[in-house]
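> Residues per chain, in single letters:
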Amino acid sequence: MIAATLSGADLKVIGNNVNKMIFSIHAKPEVKSIEELRGKRIGVSRFGSSSDVSARYALRKFNLDPQKDVILLQLGSMSSIFGALRSGAVDGALVSPPTQFLSEKLGFKELVSITEMNFAYPNPAMAVPGDLIRKRPDLLDRFMRAYVRGVHRARTDREFAIKSLAKYTTVTDPVLLGKTYDFYLDKVVERAPYINMGGMQNALDDLARTIPAAKTAKPEQFVDMRFLDKLERADYSTSFTNDDRWIRG
Amino acid sequence: MKRVIISSVLVALLCATAALAAERMRIAYSSISGAYVGIWVAHDAGLFAKKDWIIK
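Chains as they are written, first to last, in this note's numbering: chain G, 1 to 249; chain C, 1 to 56.
For the record, the hints were derived by calculation from the structure and aren't laboratory data. A virtual CB, placed ideally from N, CA and C, is assigned to each residue, including glycine. Among the hints, erroneous ones may be present.
Stated by the list, open to error - One side of the interface only, derived from the structure: several residues of chain G facing chain C at Cβ under 8 Å:
id, residue
1, I22
2, S45
3, P98
4, L102
5, L106
6, Y147
7, R149
8, G150
9, V151
10, Y168
11, T172
12, V175
When you get a sec, could you build the whole thing from the sequences and use the hints?
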């Protein structure tokens with residue numbers, strides 16, 4: 001979204017579901033450390049994706065040059081990445097829950113938890129066309145309220161949320177679903193879609209490696225806070241159990 | 001351009017017809033991830049269909 005905006009697209013971020021990267025680098029058990037991936041193949045979804053940015057971030061942290069010291073392969077979906085790891089087509093893979101938990105269950109080894117590195121990043125962001133903001137802000141207000149209520153419902157109704165997770169992820173293993181629920185609701189999903197501007201800056205810094213215009217851009221150029229501000233004024237961040245905070249129109 | 005789509009949820013208005021009270025909104029997400037649990041639950045619980053909640 002940031003790259004598109006720098007190229008002239010009329011888009012704004014109005015909120016972030018999550019403000020940190022959520023990935024681990026997994027490998028076969030015989031691989032003891034990330035340094036052992038030197039010269040090896042690592043699967044990501046697509047170049048420029050969250051998994052790719054995460055991989056490059058982690059590799060640099062361990063003094064590996066993502067351009068020279070490993071071979072990054074873009075493999076598409078998470079299931080394709082994990083399939084490549086299982087088949088041996090890649091030596092390392094960027095995985096996130098629930099695939100991460102399945103990988104652990106099948107004996108693959110976590111070399112690095114990027115999640116635990118607390119790399120601030122919009123992952124994912126809610127991006128909307130500027131035209132929609134100008135013409136139908138009421139619709140986006142309603143979207144935001146429904147979204148915040150959805151997160152609240154997920155937090156307070158584990159069974160319902162796990163059914164939704166099963167439906168959309170197509171995961172059927174109740175243990176994996178429970179671990180996925182606990183991970184996302186306890187650790188990463190924002191109660192309300194706050195925007196971490198430090199994360200936006202990190203996204204810009206990463207883009208600046210390949211897009212010169214990103215070097216001078218400011219995070220504020222890419223966000224529209226009015227919808228979050230409106231929710232803030234309604235004191236949405238507190239419990240929704242008190243419906244006096246909301247009125248029926 | 002690629003980075004955007006991959007790392008973002010794109011919310012876009014598809015159509016709003018005067019003949020129908022309901023409006024349709026298309027929400028695209030870039031991957032199958034628990035990060036979208038709030039959207040999935042809101043959808044399944046019918047919260048996006050509620051029009052009667054306004055901010056005080």
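> Hint by hint, say whether it matches the structure.
Here is what the structure says about each hint:
The criterion of a C-beta within 8 Å of any C-beta in chain C is met by I22 (chain G), whose closest approach is roughly 7 Å, and the hint holds. At a threshold of 8 Å, the smallest CB-CB gap from S45 (chain G) to chain C is about 7 Å, leaving the interface hint in force. Evaluation of the P98 (chain G) hint against chain C yields a held restraint, the C-beta minimum of about 7 Å falling below 8 Å. The interface hint given for L102 (chain G) is violated, since its Cβ lies 13 Å from the closest Cβ of chain C, which is over the 8 Å cut-off.
Against a cut-off of 8 Å between C-beta atoms, the interface hint on L106 (chain G) is violated, since the closest Cβ of chain C lies about 19 Å away. Using the Cβ-Cβ criterion of 8 Å, the hint placing Y147 (chain G) at the interface with chain C is satisfied: the shortest such distance is roughly 6 Å. The criterion of a C-beta within 8 Å of any C-beta in chain C is met by R149 (chain G), whose closest approach is roughly 5 Å, and the hint holds. Restraint check, G150 (chain G) versus chain C: the minimum CB separation of about 3 Å is within 8 Å; hint holds.
The closest approach between the C-beta of V151 (chain G) and any C-beta of chain C is roughly 4 Å, which is under the 8 Å cut-off, so the hint is satisfied. Hint status for Y168 (chain G): holds, given a least beta-carbon distance of 5 Å to chain C, under 8 Å. Interface restraint check for T172 (chain G): the shortest CB-CB distance to chain C comes to about 14 Å, outside 8 Å, so the restraint is violated. Because the smallest distance between the Cβ of V175 (chain G) and any Cβ of chain C comes to about 15 Å, over 8 Å, the interface hint for this residue is violated.
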